[in-house]
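**Student:** This is what each chain is made of:
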Amino acid sequence: MSNVIELKNVIKEFKVLNRHEGLKGSIKDLFSRDYKTVRAVDGISMTIEQGEIVGYLGPNGAGKSTTIKMMTGVLEPTSGGITVGGVVPCRSRTKLAQEIGVVFGQRSQLWWALPLIESFRLLKDIYQIPDAEYDEMLRFYQSLVDIEPLLHKPVRQMSLGQRTLSDILAAFLHNPKIVFLDEPTIGLDVSMKAKIRTLIHALNQEKHTTVILTTHDMGDVDALCRRIVIIDKGKMLYDNDIEHLKGFFGSYRTLKIRPEEALSQAAEAIAKELPDFRVSADEEWISILVDEEKQKVLDVLGQLQHTHVIRDMQLEEISTEEVIKKIYEEGVQ
Amino acid sequence: MKRGLGFYLRIYARILVQDIKSKMSYRADFIISTLGMICTNIAGFVSFWIVFQNFPSVDGWSYYEMLFLYGFSLVSLTPVQCLFDNNWSLRMYVYSGDFIKYCFRPINLFFYYQSEVFDIKGLGQLAFGIGTLVYAWAKLGLPVTALMIVKMIVFLITASLIMIALQNAAAATCFWIQNSFYVLDFVFRFKDYAKYPITIFSPVFRFIFTFLMPIAFIAYYPSLVILHPDEVPLLSWLSPVVGLVFFFLSYKIWMYGAMKYSGTGS
Chain A
1 MSNVIELKNV IKEFKVLNRH EGLKGSIKDL FSRDYKTVRA VDGISMTIEQ GEIVGYLGPN
61 GAGKSTTIKM MTGVLEPTSG GITVGGVVPC RSRTKLAQEI GVVFGQRSQL WWALPLIESF
121 RLLKDIYQIP DAEYDEMLRF YQSLVDIEPL LHKPVRQMSL GQRTLSDILA AFLHNPKIVF
181 LDEPTIGLDV SMKAKIRTLI HALNQEKHTT VILTTHDMGD VDALCRRIVI IDKGKMLYDN
241 DIEHLKGFFG SYRTLKIRPE EALSQAAEAI AKELPDFRVS ADEEWISILV DEEKQKVLDV
301 LGQLQHTHVI RDMQLEEIST EEVIKKIYEE GVQ
Chain B
1 MKRGLGFYLR IYARILVQDI KSKMSYRADF IISTLGMICT NIAGFVSFWI VFQNFPSVDG
61 WSYYEMLFLY GFSLVSLTPV QCLFDNNWSL RMYVYSGDFI KYCFRPINLF FYYQSEVFDI
121 KGLGQLAFGI GTLVYAWAKL GLPVTALMIV KMIVFLITAS LIMIALQNAA AATCFWIQNS
181 FYVLDFVFRF KDYAKYPITI FSPVFRFIFT FLMPIAFIAY YPSLVILHPD EVPLLSWLSP
241 VVGLVFFFLS YKIWMYGAMK YSGTGS
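Read top to bottom, the protein sequences are chains A and B.
For the first sequence, our numbering begins at 1 and goes up steadily by one.
For the second sequence, our numbering begins at 1 and goes up steadily by one.
Misleading hints may appear alongside valid ones.
[As the list claims (entries may be wrong)] Label pairs and their calculated CB-CB ranges:
#, chain 1, residue 1, chain 2, residue 2, range
1, B, Lys260, A, Val87, 15 to 21 Å
2, B, Tyr95, A, Asp299, 53 to 59 Å
3, B, Tyr182, A, Ser159, 49 to 55 Å
4, B, Arg27, A, Glu21, 53 to 59 Å
5, A, Gly43, B, Met255, 27 to 33 Å
6, A, Ser159, B, Asp192, 42 to 48 Å
7, B, Gly44, A, Val145, 51 to 57 Å
[Said to hold, decoys possible] Rough simulated footprint, nothing fancy, chain B against chain A, three-plus residues with beta-carbon under 8 Å:
#, segment
8, 83 to 95
9, 108 to 114
10, 274 to 280
[Claimed, not checked] With a cut-off of at most 35 Å between alpha-carbon atoms, the simulated DSBU-like pairs for lysine-lysine come out as follows:
#, chain 1, residue 1, chain 2, residue 2
11, A, Lys153, B, Lys21
12, A, Lys193, A, Lys235
13, A, Lys8, A, Lys153
14, B, Lys139, B, Lys191
15, A, Lys95, A, Lys8
16, B, Lys252, A, Lys28
17, A, Lys153, B, Lys101
18, B, Lys101, A, Lys235
19, A, Lys193, A, Lys207
20, A, Lys177, B, Lys139
21, B, Lys260, A, Lys233
Treat the hints as calculated values from the structure; they're not laboratory data.
We put the beta carbon where it would ideally sit given N, CA and C, even for glycine.
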């Protein structure tokens, strides 16, 4: 196995003007040279092997997009070394483009007015894909999803789901070494999400393509990634197998209940009854974080039903956001 | 894996065919915009004609000479209209962050961006301009020789580069400033002065239109080569060079801005 992506202590800093408030402040800003430096990415190192699917996670503003932009050559790192597919991205952006595919969730890269098949033919010319490989790829696509109805439809007329699907197919068309997928399932319905996950998985298996996936959807991660990397505030928090992470957090579930009596009173009472659990309340629900290794959710619910009249309940798997929050608060490893 | 001129021409032809096909599919839109372009051209010509009903000549230029100049400017302003119209949308792509989609293709970024739009309306202007040129040519009794025609084509093509260059540079300002529309609009308005002999302007404007905002090279200087072959000023012979140099500079500015572009947050 060879490394296709290597990041060594990568740092990216942005200069940001210190803005002042109000109209007076804006006028001051016009002439101000008062810059502060913000570190968007702070010393990230990792190596990714050919054929891996890596989930790249982190809350909004963690530095994910900045890292992706550096890996694709759009941004130049302030310091540190990056090689992708054997080249330094920002120095050989056009050359690297032949080796990678990029999909940005909501931004289609296809020709808006053209039917999908025409976009494919253009991409075939642009990437100089040999006829045989192109035909084989289309046959392979056909075996994975029913693309026939999409092929003759202009991209502009497609639903978001169809467009995302088309964009992903287009990104894999020239059989790149690496594909970057930035929130590919955002805004899609459940069945489309499942379709897209199956597609990505199959392409990775068949073509041995490396996939870097950023997402906020734990479902994507569960379905696709063996390895995840989590960053927050530009720093690497976690880089390991997903199993390892689940060992820590997989047994947590959030039980949400809506009792008959006033929420705040009930929350206080429940907090007293269950001193070992974290209990919190918002306008609608009381949330109880349950560690299933210690006590089953149903037992907790049963216990609560003795003392409270429960009108409604929900059970939530722990979300990516919560995992990250917990990692950030408590650390792993 | 070499991508030479042939490669780019093939890609361009393919995009062009597809683009025209899809534009034709909006029949009403296509017909209305074509009619609109024809009306614009006729209106432009009528105002030109009315001026000449009142003045027999402009600064020693006869009606047919002026008509020649007018036709020359129409033809040399066609390429910017047809091939580089996407420059008008650049600021929107840059502002919204959508410009990033152009950054991941293994072909020239400037080419890829401009190739996306072909404005078919410009062809009406081209036909109108050629008609005017041929008519003025015949009325002026200019000789029709192979050399004249070659000269004409070379000077037309290089003259068309001027407006393209001005527009590229103006559009590229959006990589640095938020509202570049005014810059683009401002520059684009200057093209209206291209159809007059530069000698009618004051020395200050003559200097500006020759060296700073070189619109005198769109029609005036290059037409002198055809119209007054006996007394061609040096600047006329230089006009192909000026066209090429300005185009190259504007391309460099555009690419510099585009390569610096890093998108918006997502």
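**Student:** For every hint, state whether the structure bears it out.
**Tutor:** How the hints compare with the structure:
The hinted range of 15 to 21 Å is satisfied by Lys260(B) and Val87(A), whose Cβ atoms lie roughly 20 Å apart. In this structure, Tyr95(B) and Asp299(A) meet the distance hint of 53 to 59 Å, their C-beta atoms being roughly 56 Å apart. For the hinted restraint 49 to 55 Å between Tyr182(B) and Ser159(A), the CB-CB distance of approximately 38 Å leaves it violated. Checked against the hint of 53 to 59 Å, the C-beta distance between Arg27(B) and Glu21(A) comes to roughly 54 Å, which is consistent with it.
Our hint of 27 to 33 Å for Gly43(A) and Met255(B) holds, since their Cβ atoms are close to 32 Å apart. Judged by the Cβ atoms, the range 42 to 48 Å given for Ser159(A) and Asp192(B) holds: they are separated by roughly 45 Å. With their beta carbons about 53 Å apart, Gly44(B) and Val145(A) fall inside the hinted range of 51 to 57 Å. A stretch counts as covered by a chain when three or more of its residues have a beta carbon under 8 Å from one of that chain; for the segment 83 to 95 of chain A and chain B the count is 3, and the coverage holds.
With a cut-off of 8 Å between beta carbons, the segment 108 to 114 of chain A has 5 residues touching chain B; three or more are needed, and the interface restraint holds. Counting residues of the segment 274 to 280 of chain A whose beta-carbon sits less than 8 Å from any beta-carbon of chain B gives 0, not enough to reach three: the coverage restraint is violated. For the proposed pair Lys153(A) and Lys21(B), the alpha carbon gap of about 14 Å is at most 35 Å, so the pair holds. Distance hint between Lys193(A) and Lys235(A) is fulfilled; the C-alpha atoms sit about 29 Å from each other, no more than 35 Å.
For the hint linking Lys8(A) to Lys153(A), the alpha-carbon distance of about 44 Å lies beyond 35 Å, and the restraint is violated. Restraint check for Lys139(B) and Lys191(B): the C-alpha separation of about 26 Å stays at or below 35 Å, so the hint holds. A hinted pair counts as satisfied when its Cα atoms are at most 35 Å apart, and Lys95(A) with Lys8(A) qualifies at roughly 21 Å. With a C-alpha separation of about 33 Å, the suggested pairing of Lys252(B) with Lys28(A) holds against the 35 Å cut-off.
Using a Cα cut-off of 35 Å, the hinted pair Lys153(A) and Lys101(B) holds, with the two alpha carbons roughly 21 Å apart. Taking the CA atoms of Lys101(B) and Lys235(A), the gap is near 27 Å; set against the 35 Å cutoff, the hint holds. A threshold of 35 Å between alpha carbons decides the hint, and for Lys193(A) with Lys207(A) the separation of about 21 Å falls inside it, so the pair holds. At roughly 65 Å between alpha-carbon atoms, Lys177(A) and Lys139(B) are farther apart than 35 Å, so this suggested pair is violated.
With a CA separation close to 24 Å, the supplied pair Lys260(B) and Lys233(A) stays within the 35 Å bound.
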